[in-house]
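Novice: Could you build all of it, start to finish, from the sequences and the hints given here?
Spelled out, the chains give:
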Amino acid sequence: MSSSVFDVAIVGAGIVGAACADECVREGMSVVVIESDIVGGGATAAGMGHIVVMDDSEAQFALTSYSQSLWRELEPELPSDVEYDACGTIWVAADEEEMEEVRRKQLFYSERNVKVEVLDAGALLNAEPKLRRGLAGGLRVPGDAVIYAPAAARFLLERATARGAVLRSGCPVVELTDEGVRLSNGAFIASGMTINATGTWSPSLTPGIDVRKRKGHLLITDRYPNFLRHQVVELGYLKSAHSLTSDSVAFNVQPRRTGQLLIGSSRQFDSEDSKVDAVMLARMLARAEEYIPELGRLSAIRAWAGFRAATTDKLPLIGPSPVHSRQYLATGHEGLGITTSLGTARLVVDQLLKRPSQIAIGPFLPARPAQEAVYA
Amino acid sequence: MPEAIALSVDGRPVTVPAESMVSTAVLVSGAKWFRKSVTGERRGPLCGMGICFECRVTIDGESHSRSCQVPCRDGMDVRTESTEYRVRPTGTVRSSATCDVLVVGAGPAGLAAACSAAQSGARVTIVDDNPGPGGQIWRGEERAHGTQEAVDWFKRARTAKIEFIYGAKVFDQPETGLLLTESTAGVTKIGYKKLILATGAREVFLPFPGWSLPNVCGAGGLQALVKSGLPIKGKRVVVAGTGPLLLAVADYLRKHGAEVCLIAEQASWRRLVPFGWGLLRSTGKAAQAIRLRQRLSGVNYLTGCWPVAAEGDGELSAVTMRQGSKSWSVACDYLACGFHLVPNLEVAGLVGCEVIDNTVRVDEFQETSVANVYCAGEATGIGGLELSLLEGQIAGYAATDKPDLARQHFLARTRLRRFAALLNRTFALRDELKRLARPETFVCRCEDVTLERLQTQPGWRAAKLHTRCGMGPCQGRICGPATEFLFDWRVESVRPPVFPVRVDSLTHRDVA
Numbered sequence: 001m002s003s004s005v006f007d008v009a010i011v012g013a014g015i016v017g018a019a020c021a022d023e024c025v026r027e028g029m030s031v032v033v034i035e036s037d038i039v040g041g042g043a044t045a046a047g048m049g050h051i052v053v054m055d056d057s058e059a060q061f062a063l064t065s066y067s068q069s070l071w072r073e074l075e076p077e078l079p080s081d082v083e084y085d086a087c088g089t090i091w092v093a094a095d096e097e098e099m100e101e102v103r104r105k106q107l108f109y110s111e112r113n114v115k116v117e118v119l120d121a122g123a124l125l126n127a128e129p130k131l132r133r134g135l136a137g138g139l140r141v142p143g144d145a146v147i148y149a150p151a152a153a154r155f156l157l158e159r160a161t162a163r164g165a166v167l168r169s170g171c172p173v174v175e176l177t178d179e180g181v182r183l184s185n186g187a188f189i190a191s192g193m194t195i196n197a198t199g200t201w202s203p204s205l206t207p208g209i210d211v212r213k214r215k216g217h218l219l220i221t222d223r224y225p226n227f228l229r230h231q232v233v234e235l236g237y238l239k240s241a242h243s244l245t246s247d248s249v250a251f252n253v254q255p256r257r258t259g260q261l262l263i264g265s266s267r268q269f270d271s272e273d274s275k276v277d278a279v280m281l282a283r284m285l286a287r288a289e290e291y292i293p294e295l296g297r298l299s300a301i302r303a304w305a306g307f308r309a310a311t312t313d314k315l316p317l318i319g320p321s322p323v324h325s326r327q328y329l330a331t332g333h334e335g336l337g338i339t340t341s342l343g344t345a346r347l348v349v350d351q352l353l354k355r356p357s358q359i360a361i362g363p364f365l366p367a368r369p370a371q372e373a374v375y376a
Numbered sequence: 001m002p003e004a005i006a007l008s009v010d011g012r013p014v015t016v017p018a019e020s021m022v023s024t025a026v027l028v029s030g031a032k033w034f035r036k037s038v039t040g041e042r043r044g045p046l047c048g049m050g051i052c053f054e055c056r057v058t059i060d061g062e063s064h065s066r067s068c069q070v071p072c073r074d075g076m077d078v079r080t081e082s083t084e085y086r087v088r089p090t091g092t093v094r095s096s097a098t099c100d101v102l103v104v105g106a107g108p109a110g111l112a113a114a115c116s117a118a119q120s121g122a123r124v125t126i127v128d129d130n131p132g133p134g135g136q137i138w139r140g141e142e143r144a145h146g147t148q149e150a151v152d153w154f155k156r157a158r159t160a161k162i163e164f165i166y167g168a169k170v171f172d173q174p175e176t177g178l179l180l181t182e183s184t185a186g187v188t189k190i191g192y193k194k195l196i197l198a199t200g201a202r203e204v205f206l207p208f209p210g211w212s213l214p215n216v217c218g219a220g221g222l223q224a225l226v227k228s229g230l231p232i233k234g235k236r237v238v239v240a241g242t243g244p245l246l247l248a249v250a251d252y253l254r255k256h257g258a259e260v261c262l263i264a265e266q267a268s269w270r271r272l273v274p275f276g277w278g279l280l281r282s283t284g285k286a287a288q289a290i291r292l293r294q295r296l297s298g299v300n301y302l303t304g305c306w307p308v309a310a311e312g313d314g315e316l317s318a319v320t321m322r323q324g325s326k327s328w329s330v331a332c333d334y335l336a337c338g339f340h341l342v343p344n345l346e347v348a349g350l351v352g353c354e355v356i357d358n359t360v361r362v363d364e365f366q367e368t369s370v371a372n373v374y375c376a377g378e379a380t381g382i383g384g385l386e387l388s389l390l391e392g393q394i395a396g397y398a399a400t401d402k403p404d405l406a407r408q409h410f411l412a413r414t415r416l417r418r419f420a421a422l423l424n425r426t427f428a429l430r431d432e433l434k435r436l437a438r439p440e441t442f443v444c445r446c447e448d449v450t451l452e453r454l455q456t457q458p459g460w461r462a463a464k465l466h467t468r469c470g471m472g473p474c475q476g477r478i479c480g481p482a483t484e485f486l487f488d489w490r491v492e493s494v495r496p497p498v499f500p501v502r503v504d505s506l507t508h509r510d511v512a
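Quick note, the sequences are listed as chains G and H, same order.
For the first sequence, the residue numbers in my numbering are 1 to 376.
For the second sequence, the residue numbers in my numbering are 1 to 512.
Be careful, since some hints might not be right.
When the alpha-carbon atoms are kept at most 25 Å apart in a straight line, the in silico DMTMM-like pairs for lysine to aspartate or glutamate are as follows [unchecked claim]: (1) H:K434 <-> H:E452; (2) H:K189 <-> G:E294; (3) H:K36 <-> G:E83; (4) G:K275 <-> H:D357; (5) H:K193 <-> G:D277; (6) G:K275 <-> H:E492; (7) G:K275 <-> H:E175; (8) H:K285 <-> H:E354; (9) H:K189 <-> G:E289; (10) G:K275 <-> G:E289; (11) G:K130 <-> H:E81; (12) H:K36 <-> G:D85; (13) H:K36 <-> H:E81; (14) H:K36 <-> G:D81; (15) G:K130 <-> H:E62; (16) H:K161 <-> H:D357; (17) H:K326 <-> H:E311; (18) H:K189 <-> G:E290; (19) H:K189 <-> G:D277; (20) G:K130 <-> H:D60; (21) G:K275 <-> H:E354; (22) G:K213 <-> H:E354; (23) H:K233 <-> H:E311.
Quick caveat, the hints were computed from the structure, so don't treat them as lab data.
Every value quoted in this text rests on a predicted model; they were computed, and no experiment measured them.
Specialist: Rendered as C-alpha cells:
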C-alpha cells in the first residue's frame, strides 16, 4: 500500500503515457506512471514513428498539425537517439485519378497554411529517383518527419521523472477505480485521477470502449544511406487504411537516420497472433516493390508484427471515461499515436485543469456519439 | 599446383589459390580492414564462419556481402569500406526440391545423419550455409589436408548419393514439412518428411578493450580463415580463451607455419586435473591429447590466464595478458580468442523445438519435442566431434525407422555425454571475465553499443529497443551469448527471417 496520494496515476509508459506524464509534471501535478513491461515496448516500438499531418477529417487534421507543431518545438531538446529526421513525406500518385486526390489535398492543406508542393511525374522522379517510372506524380509535405519512437518515449518519461514523477514498472495494473489503481500483486496506488494510456490493452481496464486491435507488419533492411530522401507513401494508402473490413497492404517506406529502410504497411483486424504472417508480409513487400523495384535486392534484417489500438471513427479517445469522470482515457490512436501523443497530452491536461484547448476537444471526447467513419 | 584466381580488391590486382574465400583475397591484398563500423571503427573478420558479419565488403557492387562465405571468382571486384552500393538483378531463381530426410548442416553430425539415413534407402538432402561440407571442424578438408576420419566420411557421403545444397541459408518455415533457403542464386523451397537439425555451434566471444580491432579473431575463427586460404606463415599468434579447441587451433596454426607465442587457458589447473583423468578414462581421447601436447611442446601454455586488452593503432600489435596478479604484454600479429562454444539454435527455434538451457531437448532417438524433427551434434549440447558423429548416426537411423541400428550407438553415446558434461564443467567461464570490458567497450559490434549503455537496461528486449543492441545483421548471434554471460539476460524470440535475406526472398515465396 502506498501512503501518499498522487494527483495522477498514468497507466502505460508508451509514447502517449510518457507524453501525458511529462505534461502533467510540467503543470505541477504529482504523477506516478505504472508500466507492466518495458518503456515504449508496445505499439510505440512496433510502429514506424512518423510525425505527419493527415487530412482524413477536420478533427484529425487539427490534432495532427497541432501535435506536429509541438514536436517541432521539442526537436532541439531531443537526444540524438530519437533520430528526429525532418525528411518530409511524398504522397505518391500512381495515376491520374490519384493526381486528382493530390490536387484536392493541396487545396486542403494550402487553405490551412500547411506548406505542400505538387510534383509532376518528372519532379517526382527527381525527388526520389528509386521510384519506378510511369507514376503520375505526388504531393510533397516538407514539414513531416520521422523519429525512433521508443527513444522519444524514454526521453519524455525521463524528463518527467527528473521533475519528480515516479515510475513503477514490472507489475501490471488490474483495476482502475475513482481512488486510484490496483496492481496484480494486490498493491493499491492512490491517486486523484487515473489515465488509461495502455493502447490495445485499454479495453481490459475500461470495459466497453470502442478500441480494437489492428495488426500491422514492418520490415527493416540493412544500411543503404541515401537510398531514399523522403518518407514515401502511396495515395492508395487512404483506400486501404480506411477499409474497415478486409485485410489490406499499402506502400509506405521510411529512410531512417541510420541509413536503414523501414518498409510497411499492413492492416488486419481480428488477429490476436502477434507472429509475423508470412503471406501478409509477402503481400506488403510486393506492394512496396511495385513502387520501388530495387527494394527487392536489399538485405532484410528483421520483420515483426504489432498491434495498433484502433477506433471505429479513426479518432483517439481523449478525456474522461463516459462512466467514471475521474478515470481518463488517452488511447485509440491507431497508426498516429507517435504524432498525436504530444497533442493528446496537452488535451488531457487542459481538461484536468479545466482550461480551454488550442483545438476543439469535442471530436475526441470518449463520450462522443459512436459514429461510422465517412470517407471521400 | 592449384589453379589461381585473379581479382581486384580496392582496385589492386590480387591473385589467390583456387577456392579461396573473398576474405582471403582482402587480407592478401594488404588491406588492413574490411569495413567501417557504424561509429567509424575499422573492422576485420571475427568468426570466420559467416555469423558475425564483421567481414562484410562490397562484392561486384553488392554491399553487405560476407566475404568469408563467398568463394573468389576471376575478375571479381571487391571493395572494402565502400560507401557506394549498387544492387544487382540476381538471385531471382525460384526452385523447389523434395526429399524424405532433410539435414540442416553438413558438419560431422549432419554428414553422419545423412549417410545413415541414406543407408536405409531414404532420399536425403543436406543444406548448409557454408560453401562446402565439413562444418567448422572439417572446413575445407574435402579439398586438402583432411584427417582420415574426415576423408572417410566425405567419401561415404559422396557414394551415398546424398544431394548437397551449399551456400544456402535456411530462413523460414512457411508450413510444417517445408523450409525456405536462400543462396546467391535465389530461393529454394525444400519439402521433407523428416528433418534432422545439425546446426552445430559457434564460438562465444566476450568483450574486452580492443577486441574489435582487426586481427583479433575467434580461435576457431582464425583457423577457419586459414582454412579458407589466409597465409599465416611466420605470423605471431596468441591463442587464448578456453576449451580443448585452443590446443587444436594452436596445433593447426603451427602446422601452417604460424609462430604461436602463447596459449592462454582461462580455466585453472585445479579444474583441468579432473579433466585430465577423464581423458585417461577415454583412451582414444587421451591418446589424441597426448599427441597434441607433444606436438605443442615448446609452446608456452598457461592456465588461469586470459587476455585483458588488445592494443594497436588501427590493427592489432600486442595483447595484455593476466595470470593471477601478474600482467604483461605480448607482441603479436593475431589474437585467436574464443571462450568455448554455444549451440546454433535459430533453426530449432524456427521449427518450434523445445530448448532448455541453450540446448535442444531430444529423446533417446535424438527426436525433438516436434514430431519428425531430430537434432544431433552440438545443438543438443556441446560434446565434440565423436559425440556429434554418434548422435548423427542415431538420428539418421531413427528418422528412417531403423531403431535397432540406432540403439547400437546408445552405450557409446552415454559414455561420451558423460565426458562432455565433464568438459563443460571444466571450461566454465570464471567471473573475472565479466569485468574485462570497460564502460566504453563495445558489446554489440553491429550497432556499436557500449557496456555502459547496457548496464542500465533491465533485460535483452529493453536493451534492443533502447540501445539497438542485437539489432544489426548478426541478429544478436555475437552479443547475445555475451550479454547472457555478462548480465544473465535471456535472449528471446526467434522469428523469421532467422538470417538476413534479400527482401525479394520474402516477397516471392511461392515457387512452382
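Novice: Hint by hint, where does the structure go against what was stated? Just the numbers, ascending.
Specialist: Failing hints, ascending: 8, 16, 22.
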